[in-house]
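Required output: the full structure, derived from the provided sequences and hints.
Sequential numbering from 3 applies to the sequence shown in the numbering used here.
Certain hints may be false.
[To be verified] Calculated cross-link-like contacts (lysine to any residue; reagent style SDA-like; alpha-carbon spacing at most 25 Å): (1) Lys-137 - Cys-108; (2) Lys-63 - Lys-107; (3) Lys-63 - Tyr-43; (4) Lys-107 - Gly-139; (5) Lys-20 - Val-59; (6) Lys-137 - Glu-114; (7) Lys-7 - Val-47.
It is worth saying that the hints were derived from the structure and are not from the lab. Note that the structure is predicted; figures quoted are calculated from it, not measured.
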Amino acid sequence: MNQNKLHTMTYTLNSGIKGTINLSSKQIQDWIESYRVGSKYVTTVGKEHFGLNPELVADFKVHNEFSEQREFIAAIQQPTAASKVNEQLADAYNQHRVLIQVECKCGASYIEESAYKRNKWGCKECRDIVFLDSKKGIVDTVKGKAWYMTNRYFVER
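Structure below.
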């Protein structure tokens with residue numbers, strides 16, 4: 003094995019806490035020996051010192067190029083057909099989202115996103131109903147074009 007290549011070791015303490023550490027092949031061999039004889043294991047990883055008491059370790063696994071876990075992790079990272087379909091669906095839904103400019107009599111003024119155009123909306127500050135001002139229609143905002151909704155004046159419904 004290549005001594006410079008790091009492998010991920012996952013361990014579970016008796017308390018149920020899980021941890022991971024990247025170790026070289028030599029460090030893994032030293033850890034396995036410490037685990038066998040029950041002696042405390044201390045090593046240096048980069049600039050950090052790492053210590054582990056084998057008496058407190060319930061189990062451990064070393065993920066290397068031959069382990070099934072490494073293949074599983076690599077498979078998860080590959081974009082799948084399902085994730086591409088999900089992205090397409092998300093894009094399709096986002097195309098139909100609309101922005102709403104809310105101006106409430108409580109003084110709140112903000113831009114909100116909705117899945118579709120509405121005639122009524124609830125103010126997030128005071129929970130009063132604001133209505134679509136169809137005469138004013140779409141207004142320019144910092145986030146783009148938005149439908150104007152208010153309760154500061156009477157709006158024909």
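Any hints this thing doesn't respect? Which numbers, in order?
2
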